[in-house]
Amino acid sequence: MELINVFKALSNPTRLQILKGLKDPVKNFPPQDEGDVHTVGVCVSSIQEGIGLSQSTVSGYLATLQRAGLVKVRRIGQWTYYQRNEESIRALAEIIGEEL
Numbered sequence: 001m002e003l004i005n006v007f008k009a010l011s012n013p014t015r016l017q018i019l020k021g022l023k024d025p026v027k028n029f030p031p032q033d034e035g036d037v038h039t040v041g042v043c044v045s046s047i048q049e050g051i052g053l054s055q056s057t058v059s060g061y062l063a064t065l066q067r068a069g070l071v072k073v074r075r076i077g078q079w080t081y082y083q084r085n086e087e088s089i090r091a092l093a094e095i096i097g098e099e100l
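In terms of full-length UniProt numbering, the sequence shown is residues 1 to 100.
Any given hint could be a false lead.
What the hints assert, rightly or not - Just the calculated beta-carbon pair ranges, DEER-fashion:
(1) Q78 with H38: 20 to 26 angstroms
(2) Q66 with A93: 15 to 21 angstroms
(3) R75 with P13: 23 to 29 angstroms
(4) F7 with V73: 18 to 24 angstroms
(5) V26 with M1: 26 to 32 angstroms
(6) L100 with I76: 22 to 28 angstroms
(7) G35 with Q55: 29 to 35 angstroms
(8) E94 with P31: 30 to 36 angstroms
(9) Q78 with I4: 31 to 37 angstroms
Calculated from the structure, these hints are not laboratory results. Note that the Cβ used here is the ideal one computed from N, Cα and C, for glycine as well.
Make a model of the complete structure from these sequences and hints.
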């Protein structure tokens with residue numbers, strides 16, 4: 001885990017809002033047609049609607065979170081779904097507690 005990439009990803013308020021929203025996706029994003037959000041993740045279009053930004057902007061934010069290791073991605077057909085990477089988030093919390 002590259003800490004500088006993680007902190008850069010978290011320094012943007014909208015990316016932070018997306019990551020927080022993914023913690024409880026049923027509460028924070030509109031319902032989606034396919035799959036359980038806890039199993040497959042949240043579709044980009046639902047995140048976009050919940051955040052209120054264009055799909056391209058949201059996709060860019062999600063790509064940054066993915067590169068930082070904070071979200072996992074699953075492709076099903078033409079759709080892309082995102083979930084928090086809880087293992088990485090726990091590891092980050094541990095690193096902060098021990099090293100910073």
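Q. Do F7 and V73 keep their Cβ atoms within the hinted range of 18 to 24 angstroms?
A. 21 angstroms, holds
**Q.** Verdict for V26, M1 (Cβ pair) under range 26 to 32 angstroms
**A.** 28 angstroms, holds
Q: Indicate whether the distance between the beta carbons of L100 and I76 respects the range 22 to 28 angstroms.
A: Given about 38 angstroms between the Cβ atoms, the range is violated.
**Q.** Consistency of beta-carbon spacing, I4 to Q78, with hint 31 to 37 angstroms
**A.** 34 angstroms, holds
Q: For R75 and P13, compare the CB-CB distance with the range 23 to 29 angstroms and indicate the outcome.
A: 27 angstroms, holds
**Q.** Distance restraint evaluation - Q78, H38, Cβ atoms, bounds 20 to 26 angstroms
**A.** 22 angstroms, holds
Q. So does G35 sit 29 to 35 angstroms from Q55, Cβ to Cβ?
A. Since G35 and Q55 have Cβ atoms about 19 angstroms apart, the given range 29 to 35 angstroms is violated.
(Q) Tell me if the beta carbons of Q66 and A93 are separated by a distance inside 15 to 21 angstroms. (A) 19 angstroms, holds
Q. CB of E94 to CB of P31, is that within 30 to 36 angstroms?
A. Once the Cβ atoms are compared, 34 angstroms apart, the range 30 to 36 angstroms for P31 and E94 holds.
Going down the numbered hints, you'll see the structure goes against 6 and 7, while the others check out.
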